[in-house]
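Participant: Now that you have both chains on their own, put them together as the hints suggest.
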Amino acid sequence: NAGVTQTPKFQVLKTGQSMTLQCAQDMNHNSMYWYRQDPGMGLRLIYYSASEGTTDKGEVPNGYNVSRLNKREFSLRLESAAPSQTSVYFCASSVGTVLYEQYFGPGTRLTVT
Amino acid sequence: TQLLEQSPQFLSIQEGENLTVYCNSSSVFSSLQWYRQEPGEGPVLLVTVVTGGEVKKLKRLTFQFGDARKDSSLHITAAQPGDTGLYLCAGEGDMRFGAGTRLTVKP
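Keeping their order, the protein sequence lines are chains W and L.
The working numbering puts the first residue of the first sequence at 1, with every later residue one more than the last.
The working numbering puts the first residue of the second sequence at 1, with every later residue one more than the last.
Simulated from the structure, these hints should not be mistaken for lab results.
Wrong hints could be hidden among the right ones.
[Said to hold, decoys possible] Some residues of chain W that are not near chain L, with every Cβ distance over 10 Å (derived): (1) 97; (2) 98; (3) 99.
[To be verified] To be clear about the criterion: a stretch of chain W counts as covered by chain L if any three or more of its residues have a C-beta under 8 Å from a C-beta of chain L, and this derived list gives those stretches: (4) 8-19; (5) 44-50; (6) 104-113.
All values reported here derive from a predicted model rather than from experimental measurement.
Just so you know, even glycine gets a beta-carbon here, dropped at the ideal spot from N, CA and C.
One chain only, chain L, in its complex shape (with noise of 0.2 Å):
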């Protein structure tokens, strides 16, 4: 069993705060996604990091995939009300998501 552990579970900030959230495992994944899911509608895909060191830029988001692969970062610069939402890791192999994050950013 991979279980995934994000943190922080809350995150509530003013527009154009940087944040980082994590996704954390005492696993090995062979590859990581990152989902946001807005309230009343299904997650949809942000990336999916496949090679340990990794890093993938998405307009204001960063996401780093850790040198172990056993955890994995994601970074928004300059935040906006439109990034609100719980974002979510999922490990590839048993489909396991983590609890999640939820972001709030206050315009």
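In isolation and in its complexed conformation, chain W is listed as follows (with noise of 0.2 Å):
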């Protein structure tokens, strides 16, 4: 098993220009993650999907949107990409949301110049 694939692992990006950040689990988890995390600052939620076809907002939405394309796949989108931007991005899932152990992925390393 994989568990919870991110790609890609590193991106560098310049001020104004869009990506989106992939993630995929096998472990037909049904909620899955995006946190950020920064030096000193912990992980931060972006974004969640409680289960597939819904998503929420979580600590630090702003500058992001996201797709639960389907069970499996959690999309991380920045449209307009800001040197605020610039962190590590972790993808997890768990079975559900309330006492569930996460299953984190490698992380994306996002620079954003």
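Facilitator: The following block contains the structure:
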């Protein structure tokens, strides 16, 4: 089992460019999440999808959009990248949103210049 | 908004020493999770604590959930270099993580 996979692993964008981060899980999990991790700030939730067909905002949703394409895939889009979006992005999945373990992908390191 | 404060932010110790890190909040949590993250990887769950006053042991790691379910601690006995990493706590409900304690265990 691959678990949670993310692509790309690294990306450099110029301010104003757009891109989509891809995430897929093969564990038949219902819930999926996108976090960003910045030094000294832990993980901050951007968006999550409690189940296929639903998405909800997290703590820091501004500047991002998400799509739960199917049960396996949950993508994160930056429409117009800004230097403040330089971060490491993690996708995670879990059976459900209550009391369940989250399984994380390896992360995407994004730099916006 | 349920904020989680972790302390200390950084901790560097010698192999064989004991240590305790803390996760505190002004809010009550129905459960709390501890994760460990190694460089270049995503976090991995260590434990979930659910009941106030609960103590869980995972080899040399002891986790405690406060009686009021507002705080938790992680105690490591005889730390080893393999314990090096970022320790994160997360409160159930709004999927919010603390900033973490970065632990370095020197051989």
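Participant: All the hints need checking, so say for each whether the structure fits it.
Facilitator: Outcome of the hint check:
Against the 10 Å criterion, residue 97 of chain W falls within the reach of chain L, whose nearest CB is about 7 Å from its own CB. With a least CB separation of 7 Å from chain L, residue 98 of chain W falls inside the 10 Å interface cut-off, contrary to its annotation. The claim that residue 99 of chain W is not at the interface with chain L is violated, since a C-beta of that chain comes within 10 Å of its own (minimum 6 Å). As drawn, the segment 8-19 of chain W meets chain L at 0 residues by the rule of a beta-carbon pair under 8 Å; below three, the given contact is violated.
Only residues whose C-beta sits within less than 8 Å of a C-beta in chain L count toward coverage, and the segment 44-50 of chain W has 3 of them, enough to reach three; the restraint holds. With 4 residues having a beta carbon nearer than 8 Å to a beta carbon of chain L, the segment 104-113 of chain W meets the requirement of three or more and the stated coverage holds.
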